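**Student:** Here are the chains, one letter per residue:
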Amino acid sequence: MSYTALSLSQTPPLSVPLRFLLTAPLFAAAAGVVVLLFPEALLSRWTPATLAATHLLTLGFLAMTMFGALQQLLPVLAGSTIPRASLFSATVHLLLTAGTVALTSGMGFGSGVLMQLGTLLLWAAVILFASVISYALLRARSAHATVWAMGSALLSLIVAVSLGGGLLIYHGWRAPLAHPYTDLHLMWGMIGWVAVLIIGVAWQVVPMFQLTPDYPRQMRRWLVPLLLSGLIVWSVARIGFDAGNSLFVVVIAALLAFAATTLWLQQRRRRRLPDVTLSFWRVAMVSLMAAMVLLLLPGDHALLIGVVLIVGFAMSAVNGMLYKIVPFLIWLHLNNRLQQSGLWLGNVPNMRQIIAEVALRRHYRMHLLVLAMLLIAVLWPTAMARAAGAALAISELLLEWNLLQGVRVYRRVVRDASAA
Amino acid sequence: MAREVVFDVSELEPPEPLVQSLAAIEQLKNGEYLRLLHRRRPCLLYENQQKRGFSSETRAGHDVACEVFIWRDGDDDAASAARAIANTLPPADHL
Numbered sequence: 000m001s002y003t004a005l006s007l008s009q010t011p012p013l014s015v016p017l018r019f020l021l022t023a024p025l026f027a028a029a030a031g032v033v034v035l036l037f038p039e040a041l042l043s044r045w046t047p048a049t050l051a052a053t054h055l056l057t058l059g060f061l062a063m064t065m066f067g068a069l070q071q072l073l074p075v076l077a078g079s080t081i082p083r084a085s086l087f088s089a090t091v092h093l094l095l096t097a098g099t100v101a102l103t104s105g106m107g108f109g110s111g112v113l114m115q116l117g118t119l120l121l122w123a124a125v126i127l128f129a130s131v132i133s134y135a136l137l138r139a140r141s142a143h144a145t146v147w148a149m150g151s152a153l154l155s156l157i158v159a160v161s162l163g164g165g166l167l168i169y170h171g172w173r174a175p176l177a178h179p180y181t182d183l184h185l186m187w188g189m190i191g192w193v194a195v196l197i198i199g200v201a202w203q204v205v206p207m208f209q210l211t212p213d214y215p216r217q218m219r220r221w222l223v224p225l226l227l228s229g230l231i232v233w234s235v236a237r238i239g240f241d242a243g244n245s246l247f248v249v250v251i252a253a254l255l256a257f258a259a260t261t262l263w264l265q266q267r268r269r270r271r272l273p274d275v276t277l278s279f280w281r282v283a284m285v286s287l288m289a290a291m292v293l294l295l296l297p298g299d300h301a302l303l304i305g306v307v308l309i310v311g312f313a314m315s316a317v318n319g320m321l322y323k324i325v326p327f328l329i330w331l332h333l334n335n336r337l338q339q340s341g342l343w344l345g346n347v348p349n350m351r352q353i354i355a356e357v358a359l360r361r362h363y364r365m366h367l368l369v370l371a372m373l374l375i376a377v378l379w380p381t382a383m384a385r386a387a388g389a390a391l392a393i394s395e396l397l398l399e400w401n402l403l404q405g406v407r408v409y410r411r412v413v414r415d416a417s418a419a
Numbered sequence: 000m001a002r003e004v005v006f007d008v009s010e011l012e013p014p015e016p017l018v019q020s021l022a023a024i025e026q027l028k029n030g031e032y033l034r035l036l037h038r039r040r041p042c043l044l045y046e047n048q049q050k051r052g053f054s055s056e057t058r059a060g061h062d063v064a065c066e067v068f069i070w071r072d073g074d075d076d077a078a079s080a081a082r083a084i085a086n087t088l089p090p091a092d093h094l
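Going line by line, the protein sequences match chains Y and F.
Heads up, the first sequence stops at 419 in numbering that gives the first Met the number 0, and the numbers go up one at a time, no gaps.
Heads up, the second sequence stops at 94 in numbering that gives the first Met the number 0, and the numbers go up one at a time, no gaps.
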């Protein structure tokens, strides 16, 4: 078959998303090292090591991958390009990376100065990112559900980061202790930002890449507005009346409905080829349902919910997305670069040749093992914590290796083509 | 008399629908148009197809979500036949 140059006018340069996607696993591996060295991280929600590890995962891994993926998906899904994409990407990446390093070091070592520096850099990163992306979203010709979800997620990110910074200021730049607003920070971050963005992307990516039927139209229209208003009402009740936990049931029900629908759609997919990314998504959806059930149970399960929500739900879904987005981008840019320069007329490697299926499966098994070990370490605090930390670090280095494998294929094909 | 070439990419994983559609339109002979059966509106296809000198009409499909009718610019027989069939299908505005 002849491959002809594809137009990439809507697609930013490869480095724009890739610098974020290749940095993220290193932060998650660092979280593993923190747990390995300070196993008390899995004993209580309020140790410096817990705070550092959590923020290495949420800012360093989740926000990092989502910032990168949004810059790639926005032009393709919403039909709107980001002005000066390369400069914007490099600046946001620098601010987010430096901010995460400073904040988590400050939290871990109890340094107020580092926490101040980190907060400042992260605020700059989020304000710059949210304003430019919101501008691009407003300009978008498309007004479908994904665009609304992206906008809602950005709004929630601003709320979460403001609450986080506010808590640090309130506590005089000491690693914060228990405060009612901590839960607000956490829920706006994990549900308003992370879950809503994953939902918005799922509307498109699950049917497109997993060959499932579309999500029901009414669900696409109402789920994100329902989640967001649920969060707002719950927050107001929490602040104004020191109550409102019962209102959170709306949020829980909405997320349960999303997870159940996704699993149901995946059961009805057309082609039943084995697909590791599908397995990652299934783990993510089952974890999301488990976390919602845990929220309904009496008692304090904060650490357990944290592990299930961050590692089980969010990281699994992001892994599933990364393993589609990165090979697709490499394929797209490879195709275009070779053909436009008229260097080579052979076949470009297909998606499954860019990162080998066996390598994906190895990482998937490791990720499951990490999740199981973390859960055991939280439920029965024993020597397992250190081992779980080490396993997390290894698993994330596997992810980094796999993504770099894609980059190596890109470089090799370009080099061979130039030599030919 | 124009001839219809039906091509179903509705069960292929991205990026195969795009790659195979572009390969298929380049095979079109004089008087032929491509009737592409797709699961969604193929956003990346249009610009690439125009650059190669093809025009198209997009409609909501019967058995699949989206149908795209593509013909070579200047091939009037193929164009009018493709448009006539396309006009029997509902518009694709909501896709």
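Each hint should be verified, as a subset may be incorrect.
Per the computed footprint, the stretches of chain Y lying under chain F, defined by three or more beta-carbons under 8 Å from a beta-carbon of chain F, are [claimed, not checked]:
id	region
1	202-210
2	324-335
Calculated from the model, a selection of chain F residues having no Cβ within reach of chain Y, i.e. all distances over 12 Å [as the list claims (entries may be wrong)]:
id	residue
3	V4
4	P13
5	P14
6	E15
7	E31
8	R34
9	R38
10	S55
11	A64
12	S79
13	I84
14	A85
To be clear, the hints were calculated from the coordinates, so they are not data collected in a lab.
These numbers were taken from a predicted model, which means no experiment stands behind them.
By construction, the Cβ of each residue, glycine as well, lies at the ideal position given by its N, Cα and C atoms.
**Student:** Taking the numbered hints from earlier one at a time, note which ones the structure violates and give those numbers from smallest to largest.
**Tutor:** Those not satisfied are hints 4, 5, 6, 9 and 11.
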